[in-house]
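Undergrad: Build the full structure now, drawing on both the sequences and the hints.
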Amino acid sequence: MISVLVDILSWIALTAGAAFYVIGAVGMTRMPDLFTRMHSVSVSDTMGVGLLCFGMILQAGPSLLAVKIAFVVLVLWATGAVATHALARAALHDGAKPLLAAPDGRLVPTDCVDLFPELGVRLAQPLASETPEEGETPLPDDGATIAEPAPGYGPAGNTGANPDAAPDPTREDR
Amino acid sequence: MMFSVAILGVLVALTLAVVRALKGPTAFDRLLAANAIGTSAIMLLALFGFMTGRPEFLDIGITYALLNMIGTLAVLKFFRYGALGHAQDPAKEREPE
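Protein chains in written order, with my numbering: chain C, 1 to 174; chain R, 1001 to 1097.
It should be emphasised that the hints constitute simulated quantities derived from the structure, not laboratory data. Be a bit skeptical, because a hint or two may be false.
Keeping only pairs whose Cα atoms sit at most 16 Å apart, straight-line, the calculated EDC-like set for lysine to aspartate or glutamate is [to be verified]: (1) 97/C with 1059/R; (2) 68/C with 1029/R; (3) 97/C with 33/C; (4) 1023/R with 111/C; (5) 97/C with 111/C; (6) 97/C with 114/C; (7) 1077/R with 94/C; (8) 68/C with 1056/R.
TA: In structure tokens, the structure reads:
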């Protein structure tokens, strides 16, 4: 009796998850610009993945397998949001213009920096994770260090950094 | 049987994502499609493991899930700075047009 109930629930979850997945993918091929495509991919990345994994958890029963599937769902939910956010920010930074509705209803590429002036300020700033920490000397970045490995490049573990620069106090040789 | 239905849906979604990856006008579209393809591959691995009664495939899926976002972020950083693993120079930061 219980197993039949679990099977029915599992059927519903798996078919609904597959439907959400296909809907998100159809949106990804048919939406007009990058930002709306990202919006539709999030459908399959949240509801699709969540329902599919819920159906699989029901079939797995209380076991290590169920824990693993739950881990997959949590990782996908967390990383999907981060990756989408980074993608949107990189696209805006690159000058991509979202399609917005003009007063006559047509979709026009609109520079959203005009609409939201604070967005331009925020885009010009580096991300919080990219700003150097207090007390840390920022590594020099002058294209030359990328092109040719420095002569002192070797066992010191000072990978990529210019050896002539001031030693970075936060980078310990291990 | 229920897993076959779900696998069919994920395969259709995978095909549409491949279409977008081939068609995408900008690199960001292709990157979005690559991310979606990775997610679809994880779900395919898990569902296929369940369908054939060998759920050990899930471990591969977990690894792939962890690598997927790192790959996307690495490619994005490469687009923006032209290099990986170097601190940025704020003077060279591109302004949005």
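Undergrad: Against this structure, judge whether each hint is valid.
TA: Status of each hint after checking the structure:
no.: 1; hint: 97/C with 1059/R; verdict: violated (40 Å)
no.: 2; hint: 68/C with 1029/R; verdict: violated (31 Å)
no.: 3; hint: 97/C with 33/C; verdict: holds (9 Å)
no.: 4; hint: 1023/R with 111/C; verdict: violated (24 Å)
no.: 5; hint: 97/C with 111/C; verdict: holds (5 Å)
no.: 6; hint: 97/C with 114/C; verdict: holds (11 Å)
no.: 7; hint: 1077/R with 94/C; verdict: holds (12 Å)
no.: 8; hint: 68/C with 1056/R; verdict: holds (10 Å)
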